[in-house]
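There are 2 protein chains.
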Amino acid sequence: GNEGQQRLTDPTAHPQLTLTLQGVEQIKTSLGQVPLFDQTLSDVIAEVDAELANGIEVPVPKDLAGGYTHERHKSNFFIMQKAGTLFQITGDDKYAVYLRDMLLAYAELWPTIGKHPAERSYARGKLFWQCLNDANWLVYTSQGYDCIYDWLDVPTREKLNKELFRPYAEYVSVENPQFFNRIHNHSTWGNAAVGMIGLVMDDEELINWSLYGLDIEVPGDIVKDNDGGDIKLEGQKEAGFLAQIDHSFSPDGYYTEGPYYQRYAMYPFLIFAEGLANKKPELKILDYRDGLLIKAINTLINQTNSAGEFFPINDSQKGMSLASRELVSAVSIAYYYGGNDPGLLSIVEDQGRVPLNNAGLASAKAVAEGKAKKYQYKSMELADGAAGDEGAIGILRADDLTLVMKYAKHGMGHGHFDRLGFLLYDETGEVIQDYGAARWVNVEHKDGGGYLKENRSWAKETVAHNTLVVDKDSHFDGNVKKADQTAGMPYYFLSGDDVQIVSAKEQNAYPGIDLQRTMAVVRIEELESPLVIDLFSVQAPEGSRYDLPLYYVGEFMSSNQKFQTNNVLSPMGKESGYQHLWAEAQTTLEGDVFSMTWFNKKKFYTVTSVVELGDEMILTRIGANDPNFNLRRDPGLIHRRTGGNTVFASLYEIHGSYDYASERPLNSFTSVATMKILHQSEAYVVVQFQLKTGERYQFACSLLNDSKTAKHTVEDANGQWQWQGIYNLKKNI
Amino acid sequence: GNEGQQRLTDPTAHPQLTLTLQGVEQIKTSLGQVPLFDQTLSDVIAEVDAELANGIEVPVPKDLAGGYTHERHKSNFFIMQKAGTLFQITGDDKYAVYLRDMLLAYAELWPTIGKHPAERSYARGKLFWQCLNDANWLVYTSQGYDCIYDWLDVPTREKLNKELFRPYAEYVSVENPQFFNRIHNHSTWGNAAVGMIGLVMDDEELINWSLYGLDIEVPGDIVKDNDGGDIKLEGQKEAGFLAQIDHSFSPDGYYTEGPYYQRYAMYPFLIFAEGLANKKPELKILDYRDGLLIKAINTLINQTNSAGEFFPINDSQKGMSLASRELVSAVSIAYYYGGNDPGLLSIVEDQGRVPLNNAGLASAKAVAEGKAKKYQYKSMELADGAAGDEGAIGILRADDLTLVMKYAKHGMGHGHFDRLGFLLYDETGEVIQDYGAARWVNVEHKDGGGYLKENRSWAKETVAHNTLVVDKDSHFDGNVKKADQTAGMPYYFLSGDDVQIVSAKEQNAYPGIDLQRTMAVVRIEELESPLVIDLFSVQAPEGSRYDLPLYYVGEFMSSNQKFQTNNVLSPMGKESGYQHLWAEAQTTLEGDVFSMTWFNKKKFYTVTSVVELGDEMILTRIGANDPNFNLRRDPGLIHRRTGGNTVFASLYEIHGSYDYASERPLNSFTSVATMKILHQSEAYVVVQFQLKTGERYQFACSLLNDSKTAKHTVEDANGQWQWQGIYNLKKNI
Ligand SMILES: [Ca+2]
Ligand SMILES: [Ca+2]
Ligand SMILES: [Ca+2]
Ligand SMILES: [Mg+2]
Ligand SMILES: [Mg+2]
Ligand SMILES: [Mg+2]
Ligand SMILES: [Mg+2]
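Chains as they are written, first to last, in this note's numbering: chain A, 1 to 733; chain B, 1 to 733.
Here chain A stands alone, though its shape is the one from the complex:
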């Protein structure tokens, strides 16, 4: 009616964060006509109604993550957000009553509790063991509160504002500046939490804190967080939400901690941005920094494998994926605010649910209208660093193959010592894996769900990665501070059709040693799948001991070399990750080439490597010194060499198939007959490989001059090679 019309144009009327009055009207008129939205709504109604039936539980905080009080408060904030939304969409008072009563219970509890009894956090929360979780609570609860704000009677609203929300917002900001005033995903949550409740309560002071940070010095005795990260970054001058956007992402939308944390961090970025877009459109937050927030969603989507799972670089629990609630929210936001890319809709379809707001309605409607297209994953180099000049990750995609090489920044407290490491996927999943983090997030059995000590002693160490270990020690001697000071150096990136290349250098991981890795994904007409060429060149003093691990995923099939297995296993070392490895078997290599085939799920894979005199291969197994069985017993292959300047040259081939219902193997043997290095120097590598069918291929690369037009002539006792440009791939010369 008239009153409704008036409310629709009243700028103080709620909801105004992720739902708006106009949006709610549209949703109401669309009910029953948009399957994905209707299905999500009915799932959420079922979930919330079960909680209503269960009754309100607001326990005195006591437990760590995984424990009852932690999980209950966490569940409460999700449900409050949902109950508010359902009140708006269905108009059923029961949701508002439930939400109000729970908020009143929190208002009773809040003044009676001090800091959470668990003391392990650098910024202890009140409801939870760390402020981070308290901020999570406020980000979600603000959205619920927004939905019943106008429905509440004034005394109740004022009581909640004064006795719960303002003190709560102060707790996670001015009372904990070491949490709020960082450039870090923790602070993004803090900023968004304070800003969102500020928007709901029209509290300009909170909104200003959230956008621009606090003018408060962090107490001098708090310098590190629990993960060893610095509270104050070198040269940090500003804080708050806008500074987070400036500093958290590269111009390519890459987040230095990697996609697992980007996924986590994106939620507060986007949800607060939505609120700002609605309540403070004059800020043009979604246009800020060239629309970086929307771009960052696509950057995140591009850091996934065929199952939609994020590349597990840095601290990252494997399996986190586009199916997560954060991405369900983000993908619809990107669709709605980011130009209606129909490729995003295929992801929405796979997610099978949408956020219950305007963005979710729009994407669900578009799906129902059949607008979805397959998302186009492309090869891309994603630069790291706020200015985009601090390393990168390179992603090469060809058919079902995805290769990821990392030469980015370290990633602060969550970084791994994995410069020039790589991952390889095909449509079945992992082919060459990164271990990920040693952690079972939220699983109380496993040290309360936090990082396990094996995360430091194993998962972060260089030997846990598919990259070179020199003299048994990790990059940067395993020192985060040193690692944070420099980044990998992108040398060359070529995305294309038949030949794609990523090449990068690392000159700081080991003093006085230069590393360069060049990986090419090439289509070879005789092979079923694109072939990976891996050239790892090292300039180092004679007598260096190199270990180059390859964490293949699957079951060993056969090798052209005979391994000696060990009848007694002992750990391979005392530190730097070696203490967690058993050497199951080794071989002192004979001849010029090593090859090994393994099988996983339904395919065969072969690595072929050039052998130098004295090289060894070691078949390893993770699991030594693991008193709590925290580590997976995964296999690995270490190529060991002692020498000076050298090149490790390998091919990775995906071939054939086998399934257990037909028991019929196809193409189970490698097609590669031999491989050799024709030339190696600081400036050039030239390799050749021959297929069993007789075809010979030669790949040459210039390592110092990345000009696309330079002419190269290389000559040594073995022959002479000439080409133009950075690389050259030739057949049957």
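Mixed in with the good hints there might be a few duds.
Put simply, identical chains are the same to the list, so a pair is met inside one copy or across any two.
Unchecked claim - No farther apart than 20 Å at their CA atoms in a straight line, the calculated lysine to aspartate or glutamate pairs in the EDC-like style are these:
{"id": "1", "residue 1": "676", "residue 2": "514"}
{"id": "2", "residue 1": "562", "residue 2": "447"}
{"id": "3", "residue 1": "74", "residue 2": "663"}
{"id": "4", "residue 1": "318", "residue 2": "663"}
{"id": "5", "residue 1": "601", "residue 2": "634"}
{"id": "6", "residue 1": "692", "residue 2": "63"}
{"id": "7", "residue 1": "74", "residue 2": "659"}
{"id": "8", "residue 1": "162", "residue 2": "108"}
{"id": "9", "residue 1": "574", "residue 2": "158"}
{"id": "10", "residue 1": "602", "residue 2": "71"}
{"id": "11", "residue 1": "453", "residue 2": "555"}
{"id": "12", "residue 1": "374", "residue 2": "542"}
Because the hints were derived from the structure by calculation, they are not lab data.
Once you have looked at the hints, place chain B with the ligands on chain A.
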């Protein structure tokens, strides 16, 4: 036309095996109207056309399984069967021409080759290394030949009959009676092969050999097959196809070698039976032995987990399933000839393809008409032995849980020493696994795809199974002959709703020792999933050393006891399978109860076991003494005890959930607080367990008297218990 009508009623007209003239007419008029059939047809056309384009390859036999000549001849017989079928359905001559020319190539080859050069088989074939594969060839090729028989000109047909098929049939029968005249799946293939080509050629001699066996003595020097199985069974008086039906299956349709081999064996049983039903209806082969062949298909279907994979008991490659070509054929046969059970149609839907014959058309039509219902898997005891009195396997199903206990015959050459062993599944797959066979079927990398030596040294041994090892040695001292002489003893089987029980005895595996295992699947109202109670009672001399392994599947989460991990691993023994086990950790147990929780895929699992003073638990890992990396690095838990008469009492609980996209664990801890044995004797076991919520349950079982009405009174220092019937489950007494 008239000629067509005449042919339709001509009993000598072909095809007459799995396709009939009438059937072909029906298929032709249904084309384009039955999606599953049409889809299969178009897939098969694409497959066969690709082979036609490739041209005919009939190489001189040379390779073992996995090698080129083996795989080529194998591929040829599948394609010939399909080409014949396509000729009948499409009427396109190109298929007949291709098939004829390939047969002529075989007719050229056959007289020029002797036995296959590989000498490892007890019955060497000519095209393949073993007669078994030659018989496979003939079973499939006969079907193709049947389809073009009437199309061929008479001289060609006579040439093929005389120069290829009759000599071929003689080779796999009279020239290799040690292959043809056994009661064994090898011979079933042989019988069917000879019988089917006999039907096609109207060769009554061959048909008689196939049905009734040969009147030929096996040469005295051939007494064992390659797997150590006896060529001639004790007391064996007959051979041939009817004898195979008599002796291969129990009255319940159980096949003593287990479902993996039953699946393999069923194809020749059923395909030859179809041919006989069409060509010699007077035999009433499908009614033979109360319609046993159709019953056996349902028995096979019931031996699968939630993914349709067969229970991997005995020699069995895991993953073989209802998706196999043999079951695609069998399920439609069961539907068409076995009373149109709509439950079978849901399996046909999952298979996604049908055989291109009358049966396939019928099931595809029924699916298209929406007649499919969910197949009803039920708890059942499947008796072993031709008379059904030689042990059994017990299958208990409740909700998504499936428990299998094995107390059947040994299973001859393919048997494992696993009396009273069990497997446990839920909807995610394996919870407690059997290792299966150590073999990569057809994968040439792995010893040509045959059984690996670790199959004998590990997979068959008792310690590789979830059953009791006494004094470190396998059942029957690992002797197949001894094991074959007796079977497990069914004691009690109850399928029902809230309480289901399987109990069996084993009195021969160890001289002078009586074993009895009683497993109950009970619904406990406080628990999410049915609970498994496991009571393994032993009557044995004092000082016996017991090892009870539990091959849990997944990642160790936590235990109520502290394990000591080993920094140096050495094999746990020298023989009987122990030489392949590493002890990763052990604990000398404290208190009265052991519990351990693991996680797999998306659920938590807890074992709770009653502890006796001096008991140990050992966390094991498979993989020692494995020079060719043939074994999976799977974990196990061994409960070790030294004593005399005793009971091992445990609970297996399926609980909670966790997924990597939500990172939210639910109910991750066991609900069981304690467990104790209240009474144990030769005649009774009484156990009690208490939940963390306080409820107490008591389970009592009579071990000697299985009368359903007998009254039991048990009294000892701990108390007195009275009940009626075999078992008693009480709450809160
Ligand atoms: Ca460059
Ligand atoms: Ca065999
Ligand atoms: Ca009985
Ligand atoms: Mg890593
Ligand atoms: Mg170090
Ligand atoms: Mg077994
Ligand atoms: Mg033995």
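How the hints compare with the structure:
1. For the homomeric pair residue 676 and residue 514, neither the shortest alpha-carbon distance inside one copy (22 Å) nor that between copies (64 Å) is at most 20 Å.
2. In this assembly of identical chains, residue 562 and residue 447 lie within 20 Å of each other by CA distance solely across copies; the values are 14 Å between and 41 Å within a copy.
3. Proximity of residue 74 to residue 663 under the C-alpha cut-off of 20 Å is restricted to the inter-copy arrangement: shortest distance 12 Å between copies versus 48 Å within a copy.
4. Taking the shortest Cα distances, residue 318 and residue 663 sit within 20 Å of each other only across copies (11 Å), while inside one copy they are farther apart (30 Å).
5. Both within a single protomer and between protomers do residue 601 and residue 634 lie at most 20 Å apart by alpha-carbon distance, with minima of 15 Å and 16 Å respectively.
6. In the homo-oligomer, the alpha carbons of residue 692 and residue 63 lie at most 20 Å apart only across protomers (19 Å), although the nearest pairing inside one protomer, at 62 Å, exceeds that limit.
7. When the C-alpha separation of residue 74 and residue 659 is checked against a cutoff of 20 Å, the pair qualifies only between copies, where the shortest distance is 16 Å, while the shortest distance within a copy is 43 Å.
8. For the identical chains of this complex, residue 162 and residue 108 are intra-copy neighbours only, at 12 Å inside a copy versus 98 Å across copies, given an alpha-carbon limit of 20 Å.
9. Proximity of residue 574 and residue 158 under a CA criterion of 20 Å is satisfied in neither setting, with 61 Å inside one chain copy and 77 Å between copies.
10. In this homomeric assembly, residue 602 and residue 71 come within 20 Å of each other (Cα to Cα) only across copies, at 18 Å, whereas the closest approach inside a single copy is 39 Å.
11. Proximity of residue 453 to residue 555 under the C-alpha cut-off of 20 Å is restricted to the inter-copy arrangement: shortest distance 17 Å between copies versus 28 Å within a copy.
12. Taking identical chains as interchangeable, the C-alpha atoms of residue 374 and residue 542 are never at most 20 Å apart, the minima being 51 Å within one chain and 69 Å between chains.
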